[in-house]
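Novice: Please build the complete structure, drawing on both the sequences and the hints.
These protein sequences, in sequence, are chains A and B. Counting in the working numbering, the first sequence runs from 2 upward without gaps. Counting in the working numbering, the second sequence runs from 14 upward without gaps.
The set of hints was computed from the structure by calculation and includes no laboratory data. Do not take every clue at face value.
[What the hints assert, rightly or not] In silico contact screen, one side only, chain B against chain A (beta carbon under 7 Å); selected entries:
(1) 25
(2) 26
(3) 107
Using N, Cα and C, we set each Cβ at its ideal position, and we do this for glycine too.
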Amino acid sequence: MGLPNASGDLSTEVEVDAFRRLFPLRFFEKHLLESIRPDARPLGRARDTTIALGAVASANGSALAKIGSTTMLAAIKMEVMAPSIEIPDEGCIAIDFHMPPICSPIVRPGRPAEAAPVVAKQLSDTILSSGMINLKELSLVSGKAAWMAYLDIYCLDADGALFDAALLAAVAAFSHLEIPVVSLNDDGKIVLSEEQGLSDREPVNKEKRKVNLGSIPFSLTCILHKNYILADPTAEEESIMETSVTVVLDSSSQLVSLYKPGGAVLAYTSAIQDCIALTRQRVKELQKILEEAISGMEVD
Amino acid sequence: MAAKPGSVPTTYSPNLAQKTRPPIFKDNDLDWVRPDGRGFHQCRPAFFRTGAVNSASGSAYAELGNTKVIVSVFGPRESKKAMMYSDTGRLNCNVSHTTFATPVRGQGLDHKEFSSMLHKALEGAIMLETFPKTTVDVFALVLESGGSDLPVVISCASLALADAGIMMYDLVAAVSVACLGKNLVIDPILEEESYQDGSLLLACMPSRNEVTQLTFTGEWSTPDINEAMQLCLDACSKLGKVMRTCLKEAASASQE
Chain A
2 MGLPNASGDL STEVEVDAFR RLFPLRFFEK HLLESIRPDA RPLGRARDTT IALGAVASAN
62 GSALAKIGST TMLAAIKMEV MAPSIEIPDE GCIAIDFHMP PICSPIVRPG RPAEAAPVVA
122 KQLSDTILSS GMINLKELSL VSGKAAWMAY LDIYCLDADG ALFDAALLAA VAAFSHLEIP
182 VVSLNDDGKI VLSEEQGLSD REPVNKEKRK VNLGSIPFSL TCILHKNYIL ADPTAEEESI
242 METSVTVVLD SSSQLVSLYK PGGAVLAYTS AIQDCIALTR QRVKELQKIL EEAISGMEVD
Chain B
14 MAAKPGSVPT TYSPNLAQKT RPPIFKDNDL DWVRPDGRGF HQCRPAFFRT GAVNSASGSA
74 YAELGNTKVI VSVFGPRESK KAMMYSDTGR LNCNVSHTTF ATPVRGQGLD HKEFSSMLHK
134 ALEGAIMLET FPKTTVDVFA LVLESGGSDL PVVISCASLA LADAGIMMYD LVAAVSVACL
194 GKNLVIDPIL EEESYQDGSL LLACMPSRNE VTQLTFTGEW STPDINEAMQ LCLDACSKLG
254 KVMRTCLKEA ASASQE
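Specialist: If you want it as structure tokens, here you go:
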């Protein structure tokens, strides 16, 4: 995996590995000088990305997204709630992000990862503010009942760019979401309507089986180090070079959000613009991958 | 609006009216068919794959029907500071479910009972003396619960341990049997588990023919116990072969 190094004293593979562990920053900088990364990617290229829809049968909508080896499983379960009095004709989305101990050696049971609540907050801000989902569509009976969509995203393998993978899995899960047909029973409760037995009761949401997705948000995280911009960092890159910028654009290339949570490198406007340009390219790639996953589902 | 933790309104899932026993029980016990069309003594097709999680020392994914499990192994690594000195290694197990694993949304908390059962099922198979003073962590996540979760977790965990290169006497294969009226059904799905009168879980090391864990719950007659144990042992040896094949494939793929 390591590139042959310029200095002559590092001749064998073992020594390259040792050098990588002892002087990670110098190891990376030697690569950056050659405009390449240890995993043979150019600086601006993201890792291979795949989406599989319908990974979990017990949920109403689910998706598995992989960016490199970072793996995210998102699933949506629809439950019924009584809408609040102020907004009687809107449903609700509750978003949570989990990092179970299986995903990384640094997470242990009972000691949750620090990154998890940060990513959870970013995700829910991004998804709710992007206007991807019209909450009015989640209403069932105005003032009586509305859908609560519980979106849970599990990180199965953490290898950098967690937010990007989690957002991708989340939007894919929404595009796979199929809302069950329900009807109102005599007690004022919402029950699943089945073909037999309940035919006398009119379903309340016959035509609303899918949610219409507005503009879909996609994101790209970049690492800033000196004058270099590295797109889609791995966990190793994130741990060595700490300044990151996450840009979220929607499908019509409008800016949804931009995070630059501090870090050692102060970004110039030009660097931010470069990040946005990289994200714009990445959005096109991701859109294509998502569309292919959806059309793949329709064939079956 | 976003639901903030703590202020989440109470919700319920729009389930069908509570089910009673399935109609298959009405007439003759012998006539009914299992919901997925299997024979009574037929297991679900098992799929195993090692190396599911890159950041772990070893990992495995298992899928039997709708039961989907992922297990990561970390270590041997430094034990917790508070731990006493120990000549032999420690095994630490944790099992949790995703919130969407069960038909009704759960809390996604640790499953303490499964964690300790997993520990006890594996303990006997691992050569703990090969990693003194250190701990091997076995973490399992049930992605989707489709019945017979614990046996699948145990089998998957032993495969993940093998993938991590932890020394073991043999792989551990586990299978459960449910007692439904007069019938014994092997590898029950969630629906069958909810109607069962009794259940038996057997974990064993197939090539040594040694049992590492055996648990009974519910109502059993002695002949049924004997029959069920024999069923489990046979199924375990078959499952062990599937697991072994999976390891061999992974090894030959990595050599190429």
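Novice: Report holds or violated for the interface hint on residue 26 of chain B, using the least CB-CB distance to chain A and a cut-off of 7 Å.
Specialist: Check passed: Cβ of residue 26 of chain B comes within 5 Å of chain A, closer than 7 Å.
Novice: Does the interface hint hold: is residue 25 of chain B within less than 7 Å of chain A, judged Cβ to Cβ?
Specialist: Where the cut-off is 7 Å and the nearest Cβ of chain A is about 6 Å from residue 25 of chain B, the hint holds.
Novice: Hint residue 107 of chain B vs chain A: min CB-CB distance below 7 Å?
Specialist: holds, 4 Å
Violated hints are absent here; each numbered hint is respected by the structure.
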